[in-house]
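**Q** Residues per chain, in single letters:
Protein chains: 2
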Amino acid sequence: MQQRAENTRQAVLLGAAISFEKFGYGTSSLSTILAHAGVTKGAMYFHFASKEELAHAVIEAQHQLAMNGVQAVTEQVPVALDALVFVSQEMARQLVEEPVARGGMRLTLEIGSIQGPVQRPYLDWIDSIRTLATRAAGEGDLADGIDVEALAKFVVGAFTGVQVLSEVLYGRVDLYERLAEMWALLLPAVAAPHAVERAIACAARAPRDWTVPRAGLDVNA
Amino acid sequence: MQQRAENTRQAVLLGAAISFEKFGYGTSSLSTILAHAGVTKGAMYFHFASKEELAHAVIEAQHQLAMNGVQAVTEQVPVALDALVFVSQEMARQLVEEPVARGGMRLTLEIGSIQGPVQRPYLDWIDSIRTLATRAAGEGDLADGIDVEALAKFVVGAFTGVQVLSEVLYGRVDLYERLAEMWALLLPAVAAPHAVERAIACAARAPRDWTVPRAGLDVNA
Numbered sequence: 001m002q003q004r005a006e007n008t009r010q011a012v013l014l015g016a017a018i019s020f021e022k023f024g025y026g027t028s029s030l031s032t033i034l035a036h037a038g039v040t041k042g043a044m045y046f047h048f049a050s051k052e053e054l055a056h057a058v059i060e061a062q063h064q065l066a067m068n069g070v071q072a073v074t075e076q077v078p079v080a081l082d083a084l085v086f087v088s089q090e091m092a093r094q095l096v097e098e099p100v101a102r103g104g105m106r107l108t109l110e111i112g113s114i115q116g117p118v119q120r121p122y123l124d125w126i127d128s129i130r131t132l133a134t135r136a137a138g139e140g141d142l143a144d145g146i147d148v149e150a151l152a153k154f155v156v157g158a159f160t161g162v163q164v165l166s167e168v169l170y171g172r173v174d175l176y177e178r179l180a181e182m183w184a185l186l187l188p189a190v191a192a193p194h195a196v197e198r199a200i201a202c203a204a205r206a207p208r209d210w211t212v213p214r215a216g217l218d219v220n221a
Numbered sequence: 001m002q003q004r005a006e007n008t009r010q011a012v013l014l015g016a017a018i019s020f021e022k023f024g025y026g027t028s029s030l031s032t033i034l035a036h037a038g039v040t041k042g043a044m045y046f047h048f049a050s051k052e053e054l055a056h057a058v059i060e061a062q063h064q065l066a067m068n069g070v071q072a073v074t075e076q077v078p079v080a081l082d083a084l085v086f087v088s089q090e091m092a093r094q095l096v097e098e099p100v101a102r103g104g105m106r107l108t109l110e111i112g113s114i115q116g117p118v119q120r121p122y123l124d125w126i127d128s129i130r131t132l133a134t135r136a137a138g139e140g141d142l143a144d145g146i147d148v149e150a151l152a153k154f155v156v157g158a159f160t161g162v163q164v165l166s167e168v169l170y171g172r173v174d175l176y177e178r179l180a181e182m183w184a185l186l187l188p189a190v191a192a193p194h195a196v197e198r199a200i201a202c203a204a205r206a207p208r209d210w211t212v213p214r215a216g217l218d219v220n221a
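Residue numbers (the UniProt record's numbering), protein chains in the order written: chain G, 1 to 221; chain B, 1 to 221.
Any given hint could turn out to be false.
[As the list claims (entries may be wrong)] Per the computed footprint, the stretches of chain G lying under chain B, defined by three or more beta-carbons under 8 Å from a beta-carbon of chain B, are:
#1 96-104
#2 118-128
#3 151-158
#4 198-212
[Said to hold, decoys possible] Here are the simulated PhoX-like cross-link-like pairs (lysine-lysine), alpha carbons at most 25 Å apart as the crow flies:
#5 K22(G) to K41(G)
#6 K41(G) to K51(G)
#7 K41(G) to K41(B)
#8 K51(G) to K51(B)
#9 K41(B) to K22(G)
#10 K22(B) to K51(G)
#11 K51(G) to K22(G)
#12 K22(B) to K51(B)
#13 K41(B) to K51(B)
#14 K22(B) to K41(B)
Hints in this document: simulated from the structure, not taken from any laboratory. Treat the numbers as computed from the prediction; the structure is a model and nothing was measured. Quick reminder that beta carbons are idealized off the backbone N, C-alpha and C, glycines included.
All chains, full assembly: derive it from the sequences and hints.
**A** Encoded structure:
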């Protein structure tokens, strides 16, 4: 019974994410969301009272997915600088493969115009990158004098814009390639000389789903 | 008479830009736009038939402003790499000071969800940066082996995201500072060694309005 309710909730969230991605917040209606969710109106209202509540639930679901990605990569990649690169690749994979990530990303950019800015996902994301960058500095993998705070903010900002541009111009089919280029341009300035090539090679690797743990996989193979 | 019509058209455009920035495309209505424009309904309909037409006019006005900025900087700054840095600073100034730039930026991100992506402003902006970067390479101011096409796309993408983050987190009060950090992180990798400090110094300078020509001003002073 509880499982069935959870399944319904997930179906509504997915329908809402697809609808918000397609139509934006302002133009999405509860009926377009219902049409994409494939549940009854009663089932939807059992879980969510309004479009606003749904929008915040999609943003929260995307945020949870992103934080799971950070945690999975951090647990599986011992070298912090490499983990930092793989985290951005996992964020890209989520945008390419997960409707909730795309819906949440659009909402985060858009709903702020109606209800004030949605800051927490960005702040938590910057925190995660700052933590990894601080570890990378401790491991001797950052160039001398790199401002870790500035780097964390810039990586999150640059990723956000690179994916916007990739979405607008090419429907995100070039996102992994643009991201690899971003790291190839940036790493020679921010990584310690011995770490540059290794980290660029991480960025050029084919994306994998980090949130699905694979026992025994050597990520540095 | 023609001047009066043009003034009315500008007032409607400005009202629309402010309304789109504040409420987004989906939630803006012709009546909120009218309230911000301070003109009669008849005057508005004389110039624009629909909200959609207004949105595209704001995007076009922002695009024109941006291209004027690129042209003004290019004419006033002889060194291409420095011009490239000053162009991004001028784009930031427009976002901070010009409602049309803010309204257009929000619409470009948002209206695509309703009517398909708005690509031309991004493509023209990438073109401008590619032209400057190609000139900078010819002037010996880029590092060896820099992919000019990748650089142009990355600079536009990174700027877009840095300004989104600055808007969401701090209402753009930190935009110039974030942009100076972006260049301080990126230039050591993409500029030729002799040009790094000079270009970083350009990014750290106080912003000025490049679209207002100042006779006899030495920009490298």
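**Q** Taking the hints in turn, state whether each one holds.
**A** Against the structure, the hints:
1. 96-104: violated (count 0)
2. 118-128: The restraint on the stretch 118-128 of chain G holds, since 4 of its residues have a Cβ under 8 Å from chain B and three suffice.
3. 151-158: With 6 residues in contact (Cβ-Cβ under 8 Å with chain B), the coverage given for the stretch 151-158 of chain G holds.
4. 198-212: violated (count 0)
5. K22(G) to K41(G): Holds, at about 20 Å.
6. K41(G) to K51(G): Since the Cα atoms of K41(G) and K51(G) sit roughly 13 Å apart, the hinted pair holds (cutoff 25 Å).
7. K41(G) to K41(B): violated (39 Å)
8. K51(G) to K51(B): holds (23 Å)
9. K41(B) to K22(G): violated (31 Å)
10. K22(B) to K51(G): Between K22(B) and K51(G) the Cα gap is close to 19 Å, so the pair holds against 25 Å.
11. K51(G) to K22(G): holds (15 Å)
12. K22(B) to K51(B): It holds: about 15 Å lies between the C-alpha atoms, which stays within 25 Å.
13. K41(B) to K51(B): Within the cut-off at roughly 13 Å; holds.
14. K22(B) to K41(B): holds (20 Å)
In summary, the structure is inconsistent with hints 1, 4, 7 and 9 from the numbered list given earlier, while agreeing with the others.
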